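S.K.: From first to last, the protein sequence lines stand for chains A and B.
In case it helps, the working numbering puts the first sequence at residues 1 to 611.
In case it helps, the working numbering puts the second sequence at residues 1001 to 1339.
In short, the hints are calculated from the structure, not lab data.
Careful, some of the hints might be misleading.
[What the hints assert, rightly or not] Derived SDA-like pairs: lysine to any residue, alpha-carbon spacing no greater than 20 Å straight-line: (1) B:K1239 / B:N1214; (2) A:K277 / B:A1312; (3) A:K186 / B:A1332; (4) A:K182 / B:A1332; (5) B:K1014 / A:E456; (6) A:K277 / B:P1088; (7) B:K1321 / A:G280; (8) A:K275 / B:K1014; (9) A:K277 / B:A1315; (10) A:K186 / B:K1014; (11) A:K437 / B:T1324; (12) A:K277 / B:A1308; (13) B:K1339 / A:D416; (14) A:K191 / B:A1332; (15) A:K277 / B:M1047.
[What the hints assert, rightly or not] Simulated restraints on C-beta separations: (16) B:E1089 / A:R559: 34 to 42 Å; (17) A:G253 / B:R1192: 32 to 40 Å; (18) B:T1132 / A:R494: 43 to 51 Å.
Computed from a predicted structure; not experimentally measured.
Beta carbons are placed, not taken as given, at the ideal position from N, Cα and C, and that holds for glycine.
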Amino acid sequence: MKTDIIELEKVVVRFSGDSGDGMQLAGNMFTNVSAGLGCSVSTFPDYPAEIRAPQGSLSGVSGFQVSVGQGVHTPGDKCNVLIAMNPAALKQNIKFLAKGGVVIIDIDTFKADGLKKAQFDTEDAIKELGITAQVVEVPITSMTKAALADTGMDVKSVLKCRNILALGLVCWLFDRPLDAVKHLLKNKFAKKPAVYEANCKVLDAGYDYGHNIHASVSTYRIETENIRRGVYTDINGNTATAWGLIMASEKSGRPLFLGSYPITPATDILHELAKRKDLGVKAVQMEDEIAGVCSAIGASFAGNLAVTSTSGPGLALKSEGIGLAVIAELPLVVIDVMRGGPSTGLPTKTEQTDLMQALYGRNGESPVVVVAPASPTDCFTMAFEACRIAIEHMTPVILLSDAFIGNGSSAWRVPDADEYPEIHPRYVPDELREGWKPYQRDEETLVRYWAIPGTEGLTHRLGGLEKDARTGSISTDPVNHEKMVNLRREKIARIANDIPGLEVLCDAGADTLLLGWGGTYGHLRSAAEELCREGQPIAFAQLRYINPLPANTREVLGRYKRVIVAELNTGQLADYLQGKMPEVKIERINKIQGQPFMISEVKDAVRNILK
Amino acid sequence: MEEMNHTYTAANYKSDQSVRWCPGCGDHAILNTLHKAMATVGVAPHMTAVISGIGCSSRLPYYMNTYGFHTIHGRGAAIATGFKVANPEMTVWQISGDGDGLAIGGNHFIHAVRRNIDINMLLFNNKIYGLTKGQYSPTSDRGFVSKSSPYGTTEDPFIPAELVFGARGNFFARSIDVELLTSQEVLVAAARHHGASVVEILQNCVIFNNGVHNFITDKEHRAERTIHLRHGEKMLFGKNNERGLVQDGFLLKAVTLGEDGYTIDDVLVHDAHCESNFLHQQLAMMDGHDLPLAVGVIRDVESPTYDAAVSAQVAEVKARKGFTSLRDMILAGETWEVK
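Can you build the whole structure from these sequences, using the hints too?
M.R.: Below is the structure:
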């Protein structure tokens, strides 16, 4: 018998199961192996909101979606293959299955007990959910048990290998080499050879099972693409952010300090930097969010490249501290990995609702730089940029990442040593040391100089009280205050001369521009590309620098009859731009569901506006 | 008082700013004493940082010719922690008051003490909010009448020492603004101690809480109501050192030598270096009524400091892993090459 082979430009796979089923691991391994074959990849881990909900329950379902192939910008709207390790996972994830997709279930779990936990009313889950797609029923649990019967492992340990059996089956389906998976397993279980052996066994068993049933299901061949030569690794946005900071530390010669406090979904940045003591990083877990930013401010005053990482609620707590860094004109990088709000909101879900907070959420006139990475790998570049701007312009910079790109991953080419520029701290120049005052400025950039404590002859006092522009002493003079407010504002505005211009992609000559910022980049760009291919010309641009805006922003937006701003909030960037550029006709696409855009819904919304 | 270090004089630590505290404020005396203590210790002004929060006492950094940072309300300890970890070569002084340090900054205070970060934490305790013109503070006595407690407070105060011991502090000293030599002595001891050194200075607010410490500072009774503790010396007090502290079961008792059969041999010897804080805590809780209020260094026990431990761990891990750069570290992990 012959198996149908379907050739695809890209394919989307969704692994789903109980939060203890190891779906993230299986998904990550599939991703890495695919990336190693030259596919571009994009992933989206969909964690349950609860830490460990009861096994088999609907609230305990964990998912991992990955898109692999050519021109992949997002993890995909819907999946071509859905793996459901239990009835709850099927029930929660069937809505993500694309037309013509295939479902693989562990039939062993579809018994009375599992069905009850997933709140099915009948014994036929497939029928009850009205699934018409092809469902492949695989005895994953019993095959895992059989494969490991003679190993002497206890039942619990055996069941932990179910995910790898499923992975073996998926590898057969997509023609992924098992050697590469085994290599990853070897690293993963380097200290547990028995677990490694067991996982290899079930991986083979899963693959062989696929081979034996191949008459009943199609397999896929995925296109690879010609990607730039170099060394690659799989990276998620939070790790990329952490590494971008380290790169900036190397390029500036200033030691890296992180003052932080655990908060979802930003904590992985703290985890990564805590590991990076091996590169000299000092990552300090403080007693609260306020102490996180304050310790960073202290470290900045002391001469370090100082960073604090958090999510929206933490940013709110840090606002007074950020104001101190504004008036003291110290470099400080504040990372906000945005999540659903307000208040505790949707801690594990993504949203872009902190833009206004980042721009304006402080007392007094306290402008800061705001930048936003576009993708998991762009987190590296923009974290580096945040540090460069903070150090070279002596200012706090807020980096607005989000849960989607922070947790999502893609293949990333490791940059060469000289690929990123040197960062030049603005030390007090030798010729100015005699009679130097702390708020003396470079005339062109309005940047004050950084006198590092421990330096003889440069002792000085900073503080949150307004200072005299000339002497740096406390001043309550009304005219001086206005002058200082304007100086601080103008200093930030002039950073526009030191950042790249806004680039237009897709059909730049179209009369409508789709404009986005932050982690929606992949979906918006894909939507624009598809619209162009489908005969609806549209230009696309991504704002990575939000305050100040790139110098050409007004000119670029002015070229279009209409600018459609799409964002995961009720219109914060749109309002910001409209306030600055009342002449631009701004339309809006908004979604506030804690989920990323779907390419299809963006396309529909654009078509609706253009109707 | 020990020998001055001759490299620097008190004048080297004074800035050119005119001091703006109210005339008669206890802060003036503390500032002068701090300048002298710094000269005694002899750390160069450019190797010294003075960090404060907000409040009357927190103005102090402006009057120092060192690196200084007048920050935001309550956050001095957190900012000083980051500073010291980032730049452990520097000597760091953190200045705060009872409102700044124990109310809005209470969390940072206890955690800085618990971590044992090597900073000198000065707590000016005048039991009142002065800068906001007279509200009760976390150290005001129950029933204290102020603008925000017109009928008297309905809450008990913190005893700073008790908080320090609760946070497992290893250095606690106390002085009174008017006792210049004692202040200088404890400030020098605080500077020389490795770890978080808390110095409580009972300070008078001449405008909003004048005479708050009179019961203790009153010249006529001061010798009876205070005891100056020195490590290795007998716990004696009174005008002619005629009184002493002796053990009474698990508690302390004040006795007069020669009365009730007590002799100098019964009087306890102060051991500031004792690991157990049991006796230190009892000494620190004496308030001048039944037992004399203790000034001087009450506890001074060395233990690993946070900043040194962080630096040591960084050095150890760095040496063990041997990476020379970020790229080096990444390439040692899971990668693949596209040719």
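S.K.: Which constraints among the numbered hints does this structure fail? Numbers only, ascending.
M.R.: 8, 10, 11, 15, 16, 18
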